[in-house]
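J.: Chain by chain, the residues run as shown.
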Amino acid sequence: MTVLSDRQQLSYIASQAADARLNVELETEGMTLNIGPQHPATHGTLRIICRLDGEQVVWAEPSAGYMHRGYEKLTEVRTFPQVTTLVNRIDWLGSFANEVPFILAAEKLMEIEAPPRAQVIRTILFELSRIANVSLFLGDLGVQMGAITPVFLAFRDREYVLNLIESATGGRFHPNFDRIGGLKDDLPAGWIDETRQVMVKLREFCDIIEDLLFGNEIFQSRMRGIGIIPADVAKDYGLSGANLRASGVDFDLRRDQQLPMAWDKADWKVWTHPDGDSFARCWVRLQETRESCKIVEQLLDQVPAGPIMTKVPRIIKVPEGEAWVSTENPLGEMGYYVVSKGDLGPFRVKIRSASFNNISIVPWALKGVYVPDIITILASLYFILGDIDR
Amino acid sequence: MGLVDKGRMPAPLTKLFNMSRSYSLWVYQWGLACCAIEMGAAFGSPRYDVMRLGVIPLPASPRQADFVCISGTVTDKMAPAVRRLWEQMPEPKYAISMGSCANCGGPYWDSYSVTKGVDQIIPIDVYIPGCPPRPEALLEGIVLLQQRIKNEDMAAKWRGEEFTSLQTTRERERVANQPAAVEPVAAREPIVVGGGPIE
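Chains as they are written, first to last, in the numbering used here: chain E, 1 to 390; chain V, 1 to 199.
These are calculated hints, taken from the structure and not from any lab test.
It is possible that part of the hints are untrue.
What the hints assert, rightly or not - Cut-off 30 Å, straight-line C-alpha distance, at most; resulting in silico cross-link-like pairs (DSSO-like, lysine-lysine): (1) E:350 <-> V:77; (2) E:73 <-> E:350; (3) E:201 <-> E:108; (4) E:341 <-> E:367; (5) V:116 <-> E:73; (6) E:350 <-> V:93; (7) V:93 <-> V:116; (8) E:235 <-> E:350; (9) E:367 <-> E:235; (10) E:108 <-> E:184; (11) V:93 <-> V:157; (12) E:108 <-> E:294; (13) V:93 <-> V:150; (14) E:73 <-> V:77; (15) V:77 <-> E:367.
The structure presented is a predicted model; accordingly, all values stated were derived computationally and were not measured.
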């Protein structure tokens, strides 16, 4: 806790100095630094406005909305099966994971459940999209620290996962594979053996990244002790996913709630880290990738036989009602609050995306840090712009 | 470049210059949405490796770039920034519009905040359809852009005209020499990867 109180003291002094527009000791004036709207370090089109005092940030504000596409309004003029096409594109790195909570919410309203085979295949694809998402994060992390090799490794090994998703669903990026009541198609022949081989490669990738990046002295000195978020602050700001688990909170919706999915059929672990700094957030994500490989490998052995689609009417009308379903997506908790009036399409959909809450802590986390640490903290918080602005 | 200045350029010299230009393109990647990841796969991954085509990604600033790849959804809030980027780039400059969103709005065709087509803001040379297009499609778009650059009339470019191919110039000269034969000069056609008009 001493680290925290020092930091708070520092930021207090710095903000006092910025209010006076003059640092008395060094006789420097404050300046405003604009990062974005398009900057490689901001994962897309986020704009961050920082007020600096010398090399220290005294005030920072993210300006979102450069990628706002009006999802919640668009869902009102689409039918239920059409909405999955849209919500694929919210978090574009883990597309399949975006469809699942919406489909589960619609199924909850219709009071149907996917057959066991569809549930297991859904879970496998969900975890594959998590691997595709987080492996790119691990590569991108290196680029933002100034090491360019990890991104080549990430793109090389990510292609294997994308090929798997493509051979199963037909889409490299946006599968649009989930249907209300099951899945569109069955798995192709030989897919399960192929997936096993790819999982071995992905484990090797995790080992390489751990040796190359996480064991690197420069990386550690730029990451350890930077951007510490204590558990109570993380809860206050509504963080979720690896950002919350890195602060020591043991919370994972895959384990903590009962959904018609197959996570409880596999033996896996929720990783937490007590530190809450940038290194912890990245480390938890690395361990999560390994756990995902573990889940996929175990579920491949127990894909049950049977149909992949339950009986649903040809024209889907969801009965009147309201439903909330959230799942543990690659970026954190993602949920849909679906209101139906018994029409072909939803009356209203509220989307709770993880990144929007995760960047809400940016003004707090950037207060009092030095300019190079801005990039480290933003990289470790890991947001995707489509997920923020929707 | 005095020859170009006067509006004259011998054809062999044009071809030489054009060949050099087409194989030393610096691309500025304006990655906005999903397509940015596929663009990253094309530019930054060992599997697709854009550098073998003579295209260098990651310039330090748009002021050093030869062409820009607009990949992803352009929203109304982003549109002024795209226009500003285009004005910062030095001539000769080209633009590739990657993905359905940048071409025409894509799945957000009825959204209130999306710009339906980046060609409302900047002139586009090559359109790549797809949502998102595969990295191979982007590579094909780049190859088509290189072919277009190889075929460009540099003197016309220097005079500030928009893209004029060598064939168009020859046609114009022929029409000018024979005023009786009135034939329409071929208009500038955008390239669409995969062929066909943009709907």
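J.: Run every hint past the structure and note whether it holds.
T.: Results for each hint:
1. E:350 <-> V:77: holds (23 Å)
2. E:73 <-> E:350: holds (10 Å)
3. E:201 <-> E:108: It is violated: about 37 Å lies between the C-alpha atoms, which goes past 30 Å.
4. E:341 <-> E:367: violated (46 Å)
5. V:116 <-> E:73: Satisfied, since the Cα-Cα distance of roughly 17 Å is no more than 30 Å.
6. E:350 <-> V:93: The hint is violated at about 43 Å.
7. V:93 <-> V:116: holds (22 Å)
8. E:235 <-> E:350: Distance ~21 Å between residue 235 of chain E and residue 350 of chain E Cα, so the pair holds.
9. E:367 <-> E:235: holds (18 Å)
10. E:108 <-> E:184: Within the cut-off at roughly 19 Å; holds.
11. V:93 <-> V:157: Distance ~10 Å between residue 93 of chain V and residue 157 of chain V Cα, so the pair holds.
12. E:108 <-> E:294: OK: residue 108 of chain E and residue 294 of chain E at ~29 Å, within 30 Å.
13. V:93 <-> V:150: holds (14 Å)
14. E:73 <-> V:77: Given pair residue 73 of chain E, residue 77 of chain V holds - Cα atoms ~18 Å apart, limit 30 Å.
15. V:77 <-> E:367: holds (27 Å)
Hints 3, 4 and 6, counting from the list given before, are not met by this structure.
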